[in-house]
Amino acid sequence: MRQVRWASLMVVGLAMLAASGVRPAAADIRSDQAAAILEWPSIIFAEADVLPDDVEVVDTVIQLTNTSTDPVYAWCFYSNANSHCSNTGLVCVDGTDCCIPDVGCGVCTPGWNEIDFRVQLTPLQPIGWLASQGMSGFDPIPPLAIGDFPINGVINFGIGGSSNAGSAIPPVPESPFNGSLRCIAVDEDNVPVDRNVLKGESTLEIFENGDTDDFDEVQVAKHNAIGIQAIEGAVDDDNVLVLGGDEPEYNGCPNFLILNHFFDFAENPAVPDDYNDGPFPICTALTLVPCCVDYLRQIPGGSVIQYLVYNEFEQRFSTSTPFDCKFVSLLSNIDTTQNLRSIFSAGVAGTTTGQTRINALACGVLGIATEFHDCDFPDELDVPAEFNLHYQGDREEADLIVLP
Amino acid sequence: MLRQRGRVGLMAAALVGLMVGGAQAQVTIERSASILVFPKVISDGTRDTIIQITNTSNSMVHAHCFYVNGALTFTGPGSPPPGPLNPPLWTEVDFDIWLTKQQPTHWVVSKGRLENPADAPCTNGSTNPPTPPNFACDEAGLDPGRVPPVVEFFTGELKCIEVDQSGMPVSGNHLKGEATVVTLDNCNLLTGRCVITGETCVTQDDCEDDLDVGKYNALGILGNENNNGDNVLCLGGEPSETCPNGAEYDACPEFWYANHFAEFAPDPVDLEHDEVEENDSLVRTAWTVVPCTQNFETQDPTTVTIFIRTFNEYEQVFSSFLTVTCWNELFLDDINPVTFDYTTLGTTFAVSELRSTQATASSFLMVGEEFHSVDTDVEPDGQDTFTSVAFVNYVVKGLRTGPDLITIPPEQISGGAAGAQ
Chain H
1002 MRQVRWASLM
1012 VVGLAMLAAS
1022 GVRPAAADIR
1032 SDQAAAILEW
1042 PSIIFAEADV
1052 LPDDVEVVDT
1062 VIQLTNTSTD
1072 PVYAWCFYSN
1082 ANSHCSNTGL
1092 VCVDGTDCCI
1102 PDVGCGVCTP
1112 GWNEIDFRVQ
1122 LTPLQPIGWL
1132 ASQGMSGFDP
1142 IPPLAIGDFP
1152 INGVINFGIG
1162 GSSNAGSAIP
1172 PVPESPFNGS
1182 LRCIAVDEDN
1192 VPVDRNVLKG
1202 ESTLEIFENG
1212 DTDDFDEVQV
1222 AKHNAIGIQA
1232 IEGAVDDDNV
1242 LVLGGDEPEY
1252 NGCPNFLILN
1262 HFFDFAENPA
1272 VPDDYNDGPF
1282 PICTALTLVP
1292 CCVDYLRQIP
1302 GGSVIQYLVY
1312 NEFEQRFSTS
1322 TPFDCKFVSL
1332 LSNIDTTQNL
1342 RSIFSAGVAG
1352 TTTGQTRINA
1362 LACGVLGIAT
1372 EFHDCDFPDE
1382 LDVPAEFNLH
1392 YQGDREEADL
1402 IVLP
Chain Z
-15 MLRQRGRVGL
-5 MAAALVGLMV
5 GGAQAQVTIE
15 RSASILVFPK
25 VISDGTRDTI
35 IQITNTSNSM
45 VHAHCFYVNG
55 ALTFTGPGSP
65 PPGPLNPPLW
75 TEVDFDIWLT
85 KQQPTHWVVS
95 KGRLENPADA
105 PCTNGSTNPP
115 TPPNFACDEA
125 GLDPGRVPPV
135 VEFFTGELKC
145 IEVDQSGMPV
155 SGNHLKGEAT
165 VVTLDNCNLL
175 TGRCVITGET
185 CVTQDDCEDD
195 LDVGKYNALG
205 ILGNENNNGD
215 NVLCLGGEPS
225 ETCPNGAEYD
235 ACPEFWYANH
245 FAEFAPDPVD
255 LEHDEVEEND
265 SLVRTAWTVV
275 PCTQNFETQD
285 PTTVTIFIRT
295 FNEYEQVFSS
305 FLTVTCWNEL
315 FLDDINPVTF
325 DYTTLGTTFA
335 VSELRSTQAT
345 ASSFLMVGEE
355 FHSVDTDVEP
365 DGQDTFTSVA
375 FVNYVVKGLR
385 TGPDLITIPP
395 EQISGGAAGA
405 Q
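Chains as they are written, first to last, in this note's numbering: chain H, 1002 to 1405; chain Z, -15 to 405.
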């Protein structure tokens, strides 16, 4: 009898231990596992007319895969974060882009809109497309042309009679395009489902011409799509997806994003002093997108971001900034327009590398970083490398995705 | 009574399993962890690697690190192929680092990081008094310890294990890391071509000042609360004589899912946008694989045999095998010249599912590297192949029943980090 009581106490103790969690609070957003919602924060496309002289095209290759042995539908949303001139309607970065000689200047108005599409993936099927081209039509006989779906459900079929029939991916709506992509696992009626079976990647490719018409230089950078996993049995059939909070359908967005980075303009320490025309300064661009978004009322998510910056002396700096829709900035432009005076600049921080902890106040955020290893800002941002951020903790508040 | 005891014991075991296993326990690339693995670390004169490691906690953290050199014993012209006549070196060098709260640190593997409190900090410079700017401030900051440089022509992995002040392994889950592989446009005297631009060269002066960079997140293995701090680290698995507490760390993955381009597939952006119609681009992929089980005490390299199923976009499946001892990086067509090839697969994109074969005692960790090349139709008139590289972390699924064991020489856990201080 005493033994049973002891054992019961142990069981209760273990259960409490298990329930209380023995690890630091861990975020459940994952880019290293399949998930029900995928977010590609950075989708870029631009043609030669808006690019520097030698650069011919910047495009994004998007890869999406079904990791399960059953078919799955993905409902996807491109978010267009371009701003446009009030007078010409052209894409702009700031007001100076909207000035017409002898006529005057318009206003560069921040914009946001989305276009959505639907894809059916057969069991274990990988697909890929260019942001500039999308996918449409079918090519049931190999070799498969880029931009065509492989299984049309008429001539050829996947396992269990599945196919890509009914799928179409539009090209991004304009050049230049700066936006993001989010795909949600749904059933045949567009109802979200708790199937963590989607994985994805994005490859940024920059092609240049030299003296010939032929592309003769390429630069590539790659990151994983960020996955938000559904909680088994928790996803209901309404159009509001609840990420985290008290009654979550999906895992919550992270409390902190952690970015290891080089401070802007620090010289690449792996390049020898006598290497050609060095030095090679490094800059890092941060891309953030909100977890919450209302596709029904076309209201983009936004948040206020706090940054805690640590250098290698364990000294701490901080700053904060608000954003809507999508945030892209060099680190050293987050707190100032005078890069060399930024807390993210090596000359101010004092060391080559740092850690930045990113905390979103209003709405959770997800993000990636892009390093440029030949940075002569603002004239040149060259040699990119992308990587995923780290996550820590779950936000207390729920983030909502409202579907049409 | 016996039956009741057995039932209670099972419940307790189940709860312990729940506690230490955790439904989501996986190798991770985006959470702080107790073991960091950098599967691909290169320093060969043309490529060099910058390691970044950060303490994400508010207390001091120590780590015991191992460089494992997976280079072949003979690497010169005429060397025997990898195998019994030319095994990997598998030499290891270990060292300790310690990081103050939230401290980031970094080093270039060819140079290491030596202790020097007088390292000049970065500065924008000033006019009064006149001080020049300094952005070549590589070693400014609190030195994390004495990090040795790797040997010349190092190709291998770096593994860092969180330990306490006395050197005992602990499950703090406080470490995160990244590796940046920098490629210089050096003149490859064997091929007579510059490494990045592909131009013909006789000396380094013939190559341009290009640079290429790829970056990946270190693979993290989360520690569990029941770590007994001995020299045998148990990754996954049930309680046993070797692992009396069961899984001290999360298990290695059962499956890896690698999305990749078909080997030698034309680059789709070049194909769609280049107005010159000839197809002169291609994409290749290399995988770097390291076994999860490692015995630094006996220095016995572990061999893993991996079964690979590759699916093309038509949902057609091809299979192949790969055997890796200690460490290896292989292009897909080195693994199998048929099953990954663009002409075989018939589609640009593919996904491969990898797992250890049932007879293999160890799981494995991996990272991918994509090589995108243009102007591949090399001609005498100077049209040269230009190559850029991107690293990719792959997706994991399931837990290896394990355990995988990392065995450290006992002396290294009884005076390591403390001794370093």
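A couple of the hints might just be wrong.
Per label pair, the in silico range of CB-to-CB distance [said to hold, decoys possible]:
hint : chain 1 : residue 1 : chain 2 : residue 2 : range
1    : H       : Pro1177   : Z       : Asn263    : 23 to 31 Å
2    : Z       : Glu259    : H       : Thr1338   : 32 to 40 Å
3    : H       : Glu1315   : Z       : Asp193    : 31 to 39 Å
4    : Z       : Asp318    : H       : Glu1248   : 49 to 57 Å
5    : Z       : Thr187    : H       : Asp1380   : 28 to 36 Å
6    : Z       : Asn108    : H       : Asp1054   : 49 to 57 Å
7    : Z       : Thr187    : H       : Pro1144   : 53 to 61 Å
8    : Z       : Val186    : H       : Thr1338   : 44 to 52 Å
9    : Z       : Leu173    : H       : Gln1299   : 42 to 50 Å
10   : Z       : Asn70     : H       : Thr1337   : 54 to 62 Å
11   : H       : Glu1315   : Z       : Thr289    : 42 to 50 Å
12   : Z       : Asn263    : H       : Asp1188   : 36 to 44 Å
13   : H       : Thr1338   : Z       : Thr289    : 22 to 30 Å
These aren't lab readings, by the way, just hints derived from the structure by calculation.
A virtual CB, placed ideally from N, CA and C, is assigned to each residue, including glycine.
Right, here's what the structure says about each hint:
1. H/Pro1177 to Z/Asn263: 23 to 31 Å: holds, 26 Å
2. Z/Glu259 to H/Thr1338: 32 to 40 Å: holds, 38 Å
3. H/Glu1315 to Z/Asp193: 31 to 39 Å: holds, 36 Å
4. Z/Asp318 to H/Glu1248: 49 to 57 Å: Holds - the Cβ-Cβ distance for Z/Asp318 and H/Glu1248, about 51 Å, lies within 49 to 57 Å.
5. Z/Thr187 to H/Asp1380: 28 to 36 Å: holds, 30 Å
6. Z/Asn108 to H/Asp1054: 49 to 57 Å: violated, 30 Å
7. Z/Thr187 to H/Pro1144: 53 to 61 Å: At 42 Å between Cβs, range violated.
8. Z/Val186 to H/Thr1338: 44 to 52 Å: holds, 47 Å
9. Z/Leu173 to H/Gln1299: 42 to 50 Å: violated, 60 Å
10. Z/Asn70 to H/Thr1337: 54 to 62 Å: holds, 56 Å
11. H/Glu1315 to Z/Thr289: 42 to 50 Å: Given range 42 to 50 Å: holds, Cβ gap about 46 Å.
12. Z/Asn263 to H/Asp1188: 36 to 44 Å: holds, 40 Å
13. H/Thr1338 to Z/Thr289: 22 to 30 Å: Violated - the Cβ-Cβ distance for H/Thr1338 and Z/Thr289, about 57 Å, lies outside 22 to 30 Å.
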